[in-house]
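**Q** Here's the letter readout for the chains.
2 protein chains.
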Amino acid sequence: MRPFLMLSMLLSLAVAGCNRPGATDEAQAIRDIETRWNQMIVERDLKGIVGLYADDGVVMAPNMPPMQGPGPVTQVWGGLFQLPGFKLTITPVEVTVARSGDLAMDRGVYALTTTGPAGEVVENGKYVVVWKKVGEEWKVAADIFNANAAPAAPAPEPAA
Amino acid sequence: MRPFLMLSMLLSLAVAGCNRPGATDEAQAIRDIETRWNQMIVERDLKGIVGLYADDGVVMAPNMPPMQGPGPVTQVWGGLFQLPGFKLTITPVEVTVARSGDLAMDRGVYALTTTGPAGEVVENGKYVVVWKKVGEEWKVAADIFNANAAPAAPAPEPAA
Numbered sequence: 047m048r049p050f051l052m053l054s055m056l057l058s059l060a061v062a063g064c065n066r067p068g069a070t071d072e073a074q075a076i077r078d079i080e081t082r083w084n085q086m087i088v089e090r091d092l093k094g095i096v097g098l099y100a101d102d103g104v105v106m107a108p109n110m111p112p113m114q115g116p117g118p119v120t121q122v123w124g125g126l127f128q129l130p131g132f133k134l135t136i137t138p139v140e141v142t143v144a145r146s147g148d149l150a151m152d153r154g155v156y157a158l159t160t161t162g163p164a165g166e167v168v169e170n171g172k173y174v175v176v177w178k179k180v181g182e183e184w185k186v187a188a189d190i191f192n193a194n195a196a197p198a199a200p201a202p203e204p205a206a
Numbered sequence: 047m048r049p050f051l052m053l054s055m056l057l058s059l060a061v062a063g064c065n066r067p068g069a070t071d072e073a074q075a076i077r078d079i080e081t082r083w084n085q086m087i088v089e090r091d092l093k094g095i096v097g098l099y100a101d102d103g104v105v106m107a108p109n110m111p112p113m114q115g116p117g118p119v120t121q122v123w124g125g126l127f128q129l130p131g132f133k134l135t136i137t138p139v140e141v142t143v144a145r146s147g148d149l150a151m152d153r154g155v156y157a158l159t160t161t162g163p164a165g166e167v168v169e170n171g172k173y174v175v176v177w178k179k180v181g182e183e184w185k186v187a188a189d190i191f192n193a194n195a196a197p198a199a200p201a202p203e204p205a206a
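Chains A and B, in that order, give the protein sequences. Offset between the first sequence (1-based) and our numbering: plus 46. Offset between the second sequence (1-based) and our numbering: plus 46.
Bear in mind the hints are in silico, worked out from the structure with no lab data behind them. Some clues are possibly wrong.
[Said to hold, decoys possible] Every beta carbon over 12 Å from chain B, so not counted as near; a handful from chain A, in silico: (1) Asp102; (2) Asn109; (3) Pro116; (4) Leu129.
[What the hints assert, rightly or not] Okay, the calculated beta carbon distance ranges per label pair: (5) A/Gly125 to B/Thr135: 44 to 52 Å; (6) B/Gln74 to A/Ala195: 33 to 41 Å; (7) A/Glu183 to B/Val139: 19 to 27 Å; (8) A/Phe127 to B/Glu183: 41 to 49 Å; (9) A/Asp78 to B/Pro130: 22 to 30 Å; (10) B/Gly181 to A/Gln128: 30 to 38 Å; (11) B/Asp71 to A/Ala196: 20 to 28 Å; (12) A/Val139 to B/Gly68: 43 to 51 Å; (13) A/Asp78 to B/Thr135: 33 to 41 Å; (14) A/Glu89 to B/Thr81: 43 to 51 Å; (15) B/Ala164 to A/Asp71: 52 to 60 Å; (16) B/Arg82 to A/Val167: 23 to 31 Å; (17) B/Asp71 to A/Gly131: 45 to 53 Å; (18) B/Gly181 to A/Asn109: 18 to 26 Å.
[To be verified] In silico lysine to any residue, SDA-like type, Cα no more than 20 Å apart, as pairs: (19) A/Lys93 to A/Leu129; (20) B/Lys179 to A/Asp148; (21) A/Lys185 to A/Asp91; (22) B/Lys178 to A/Thr70; (23) A/Lys179 to B/Arg145; (24) A/Lys179 to B/Thr70; (25) B/Lys179 to A/Glu140; (26) A/Lys178 to B/Leu92; (27) B/Lys178 to A/Gly181; (28) A/Lys178 to B/Asp148; (29) A/Lys185 to B/Arg145; (30) A/Lys93 to A/Lys133; (31) A/Lys179 to B/Glu140; (32) A/Lys185 to A/Pro112; (33) B/Lys185 to A/Arg145; (34) A/Lys178 to B/Lys133; (35) B/Lys178 to B/Lys133; (36) B/Lys178 to A/Ala73; (37) B/Lys133 to B/Thr70; (38) A/Lys179 to B/Gln85; (39) A/Lys178 to B/Asn194; (40) A/Lys178 to B/Thr70.
The C-beta atom is built at its ideal place from N, Cα and C for all residues, glycine as well.
Could you build all of it, start to finish, from the sequences and the hints given here?
**A** Have a look at this one:
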């Protein structure tokens with residue numbers, strides 16, 4: 047084989063290696079995990095959800111300190127499951143995967159439903175989940191979210 | 047040159063190519079940008095701060111919808127600068143760069159100071175900034191944050 051041809055082939059392989067296995071496939075893989083995540087929420091599959099996070103994965107929820115690692119992540123999701131009438135759906139808007147396939151940004155929106163004294167309350171909000179490859183699997187490195195609007199103030203008491 | 051030696055050298059170059067210019071350097075570059083960001087906050091350099099964001103960069107602040115693009119990002123930061131006694135410091139805790147050097151997660155903490163009716167109020171919180179390479183520069187793709195604790199309720203009125 048001619049040296050130039052060999053060099054071309056090796057460089058093609060090397061460039062392909064940087065991009066494996068394809069950013070589109072990887073983005074779809076992450077969207078598929080989020081579909082499962084939504085199902086696990088419906089099924090109250092606490093162990094399954096905690097398993098989506100890396101061992102050093104961190105939930106950064108409003109009004110609490112960062113919760114890092116399986117114990118604290120279990121505490122956050124267990125607390126959510128205790129909310130009266132808890133329902134939650136998460137919907138990715140943009141999933142961007144690094145060319146090297148080891149890090150991805152996933153940002154989207156959520157709808158959190160709970161039951162309050164005046165009935166069902168829906169909080170609409172937004173999130174960023176950063177995914178990283180752990181072995182062959184995508185795992186959550188960081189998960190942060192907040193609401194699109196301040197909670198409605200309770201109705202004022204009528205003046206005495 | 048022996049074919050095996052040539053192959054080894056080419057593969058070494060290829061592997062180095064995947065990682066260029068070095069994740070540690072890139073993480074430091076991002077930390078350096080955040081140092082400048084803190085300076086620009088002190089200097090009220092609105093244009094400089096907005097220039098840190100990608101053209102499709104989005105600020106995801108609590109209690110407002112996602113604000114995407116230079117106009118909306120200007121609106122958010124302009125609003126912050128209007129807060130009485132506004133001070134803000136951001137401190138990265140972990141910066142993780144993709145091997146391909148085109149995407150990075152930066153999570154950290156912030157302290158936001160404002161002046162309220164009862165004097166200075168400090169809100170401590172946490173953030174995730176996702177950085178992406180635009181040409182040769184790191185730019186903010188997404189910027190999301192929330193507080194570690196709910197704002198203190200106003201002191202209750204003494205009973206009549």
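**Q** Confirm or reject each hint.
**A** Hint by hint, here is what the structure shows:
1. Asp102: A/Asp102 is in fact no farther than 12 Å from some Cβ atom of chain B, at 9 Å.
2. Asn109: violated, 5 Å
3. Pro116: For A/Pro116, whose nearest Cβ neighbour in chain B is about 18 Å away, the distance exceeds 12 Å, so it holds.
4. Leu129: holds, 16 Å
5. A/Gly125 to B/Thr135: 44 to 52 Å: violated, 30 Å
6. B/Gln74 to A/Ala195: 33 to 41 Å: holds, 38 Å
7. A/Glu183 to B/Val139: 19 to 27 Å: holds, 24 Å
8. A/Phe127 to B/Glu183: 41 to 49 Å: Given range 41 to 49 Å: holds, Cβ gap about 43 Å.
9. A/Asp78 to B/Pro130: 22 to 30 Å: violated, 47 Å
10. B/Gly181 to A/Gln128: 30 to 38 Å: violated, 48 Å
11. B/Asp71 to A/Ala196: 20 to 28 Å: violated, 41 Å
12. A/Val139 to B/Gly68: 43 to 51 Å: violated, 32 Å
13. A/Asp78 to B/Thr135: 33 to 41 Å: Roughly 39 Å apart at Cβ, these two residues keep to the hinted range, so it holds.
14. A/Glu89 to B/Thr81: 43 to 51 Å: Since the Cβ atoms of A/Glu89 and B/Thr81 sit about 46 Å apart, the hinted range of 43 to 51 Å holds.
15. B/Ala164 to A/Asp71: 52 to 60 Å: About 55 Å separates the Cβ atoms of B/Ala164 and A/Asp71, which means 52 to 60 Å holds.
16. B/Arg82 to A/Val167: 23 to 31 Å: violated, 41 Å
17. B/Asp71 to A/Gly131: 45 to 53 Å: holds, 50 Å
18. B/Gly181 to A/Asn109: 18 to 26 Å: For B/Gly181 and A/Asn109 the Cβ distance comes to about 39 Å; the hint is violated.
19. A/Lys93 to A/Leu129: holds, 18 Å
20. B/Lys179 to A/Asp148: The given pair, whose Cα atoms are some 16 Å apart, holds under the 20 Å limit.
21. A/Lys185 to A/Asp91: Since the Cα atoms of A/Lys185 and A/Asp91 sit roughly 17 Å apart, the hinted pair holds (cutoff 20 Å).
22. B/Lys178 to A/Thr70: holds, 17 Å
23. A/Lys179 to B/Arg145: holds, 11 Å
24. A/Lys179 to B/Thr70: holds, 18 Å
25. B/Lys179 to A/Glu140: Status holds; Cα separation ~16 Å.
26. A/Lys178 to B/Leu92: violated, 33 Å
27. B/Lys178 to A/Gly181: Violated, at about 23 Å.
28. A/Lys178 to B/Asp148: holds, 14 Å
29. A/Lys185 to B/Arg145: holds, 16 Å
30. A/Lys93 to A/Lys133: Distance of about 17 Å is within 20 Å: holds.
31. A/Lys179 to B/Glu140: Holds - the C-alpha atoms of B/Glu140 and A/Lys179 are around 16 Å apart, at most 20 Å.
32. A/Lys185 to A/Pro112: Roughly 17 Å separates the two Cα atoms, so the pair holds.
33. B/Lys185 to A/Arg145: holds, 16 Å
34. A/Lys178 to B/Lys133: violated, 33 Å
35. B/Lys178 to B/Lys133: violated, 27 Å
36. B/Lys178 to A/Ala73: This hinted pair holds, its Cα atoms lying about 16 Å apart.
37. B/Lys133 to B/Thr70: Given that 20 Å is the threshold and the Cα spacing comes to 30 Å, the pair is violated.
38. A/Lys179 to B/Gln85: Since the Cα atoms of A/Lys179 and B/Gln85 sit roughly 34 Å apart, the hinted pair is violated (cutoff 20 Å).
39. A/Lys178 to B/Asn194: Cα-Cα ~25 Å, so violated.
40. A/Lys178 to B/Thr70: With a Cα-Cα distance of about 17 Å, the restraint between A/Lys178 and B/Thr70 holds, given a limit of 20 Å.
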